[in-house]
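Number of protein chains: 2
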Amino acid sequence: MLPIIRAAPRMLSDNGTMRPPLAGTPERKSAVCVQSGRQRCRTRRSFADGCLRWDPARVKMGGAGCQEGPMTPQDLSDIYNGYIDCLNTQDWGRLGEFVHDDVEHNENRIGLPGYRDMLEGDFRAIPDLRFNIGLIVSQPPCIAARLHFDCTPIGSLFDLPVDGKRVRFDENVFYRFTGGKIRQVWSIIDKAAITAQIRDGNGGATG
Amino acid sequence: MLPIIRAAPRMLSDNGTMRPPLAGTPERKSAVCVQSGRQRCRTRRSFADGCLRWDPARVKMGGAGCQEGPMTPQDLSDIYNGYIDCLNTQDWGRLGEFVHDDVEHNENRIGLPGYRDMLEGDFRAIPDLRFNIGLIVSQPPCIAARLHFDCTPIGSLFDLPVDGKRVRFDENVFYRFTGGKIRQVWSIIDKAAITAQIRDGNGGATG
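Chains as they are written, first to last, in the numbering used here: chain A, 1 to 207; chain B, 1001 to 1207.
To be clear, the hints were calculated from the coordinates, so they are not data collected in a lab.
We treat Cβ as the ideally placed atom computed from N, Cα and C, and that holds for glycine.
One thing to keep in mind: the hints can contain errors.
What the hints assert, rightly or not - Distance ranges between label pairs, derived from CB positions:
1. B:1088 x A:91: 32 to 38 angstroms
2. B:1121 x A:114: 27 to 33 angstroms
3. B:1155 x A:164: 34 to 40 angstroms
What the hints assert, rightly or not - Okay, derived cross-link-like pairs now, SDA-like style, lysine to any residue, Cα gap no bigger than 20 angstroms in a straight line:
4. B:1191 x A:156
5. B:1191 x A:171
6. B:1191 x A:130
7. B:1191 x A:148
8. B:1191 x A:195
9. A:191 x B:1128
10. B:1191 x A:160
11. B:1165 x B:1155
12. B:1191 x A:189
All chains, full assembly: derive it from the sequences and hints.
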């Protein structure tokens, strides 16, 4: 069990650099960070409290445990891996740690509740759904990921009659983060590959 | 007119770091770099000769004009912008400066000639084709880009009867570079958006 560290919270600006909180904000004295195995902070402001770059050396010395400086590509990749873990474990109570309240998906401002509804609907349509990261390209404040799916949707998927067939397809998706949370998503799914597999009945891999 | 600089060529390893050429290779004495407005090197090995990080200060001092060190996200973005310029000007004679001889597209090894054929076919099908960069995410040796198209294809496009209608759509695409050139491409085009625009006849923007 790692020690609980009380740290002066630091907010992230949109480009991932850290800036001190406004004087007198209620977060100044109330933020409590607990280092997890994934360098994740469990506070009511979650990743926005500046503990993205946890420094074990400073923890040992009784310091704040937080480094100042811009978010690195690895920091953002760590957050993204945490987000994908959250989806694959369907741990919807934690979704707000990764997704902004005002999230937009393909230019539609669906907000966190709409985003959760979308994901829960995906798992209802595809009981064996699993998000597999094929490639991550990280340049704060953005991440691009190529995700691979190998699954057996029930009924229809994207208006295509899959009906329990095994299909394999990919998604190329971009995310822009604000304050350490996903604020905008631009996704394209390779629906043509699913159509081809249903037509050919081969369940082959997509390109 | 900028001076012609003779520089000992340095090859890029797959992760973008520079390494000296093998002793005795014919490139050792023959590389000649000319700095262009786009920090581009015109040699027979093009970007692979280590001048990705052109240093004007060293040019003035009569130095090699090349910095050593890992390729930065900006270096790779500069190359990518040069590649997009090459496509939009249909300057096919320069395509080999940006695209590897053994390039793969969606897991198909089509090589540079096949890649050029594909692009030339795109411009025949879409005379007003223009590649517009919406978003770049750069983390050497990879780049991800969201490209936007607003065009009027003649005949069919992706087996869809567009027939001169204006359509707007996006492509989310990943590239992996080797030696400063595009070696692998994973592209997904939002064909569903085109289908919707043909069906609705609205030529609306895609999401």
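Results of checking the hints against the structure:
The hinted window of 32 to 38 angstroms between residue 1088 of chain B and residue 91 of chain A is violated, with their beta carbons roughly 45 angstroms apart. Taking the beta carbon of each, residue 1121 of chain B and residue 114 of chain A are about 40 angstroms apart, not inside 27 to 33 angstroms as hinted. Range check, residue 1155 of chain B to residue 164 of chain A: about 37 angstroms between beta-carbon atoms, so the 34 to 40 angstroms window is met. The straight-line distance between the Cα atoms of residue 1191 of chain B and residue 156 of chain A is roughly 19 angstroms, inside the 20 angstroms bound, and the hint therefore holds.
Only pairs whose Cα atoms come within 20 angstroms are accepted, and residue 1191 of chain B paired with residue 171 of chain A is accepted, the gap being roughly 13 angstroms. Between residue 1191 of chain B and residue 130 of chain A the alpha-carbon distance is near 24 angstroms, which puts this suggested pair outside the 20 angstroms criterion. Our distance criterion of 20 angstroms between C-alpha atoms is met by residue 1191 of chain B and residue 148 of chain A, whose separation comes to about 19 angstroms. Straight-line distance between C-alpha atoms of residue 1191 of chain B and residue 195 of chain A comes to about 12 angstroms, which keeps the hinted pair within the 20 angstroms bound.
The straight-line distance between the Cα atoms of residue 191 of chain A and residue 1128 of chain B is roughly 26 angstroms, outside the 20 angstroms bound, and the hint therefore fails. A hinted pair counts as satisfied when its Cα atoms are at most 20 angstroms apart, and residue 1191 of chain B with residue 160 of chain A qualifies at roughly 14 angstroms. Restraint check for residue 1165 of chain B and residue 1155 of chain B: satisfied, since their Cα atoms lie roughly 9 angstroms apart, inside the 20 angstroms limit. For the hint linking residue 1191 of chain B to residue 189 of chain A, the alpha-carbon distance of about 10 angstroms falls within 20 angstroms, and the restraint holds.
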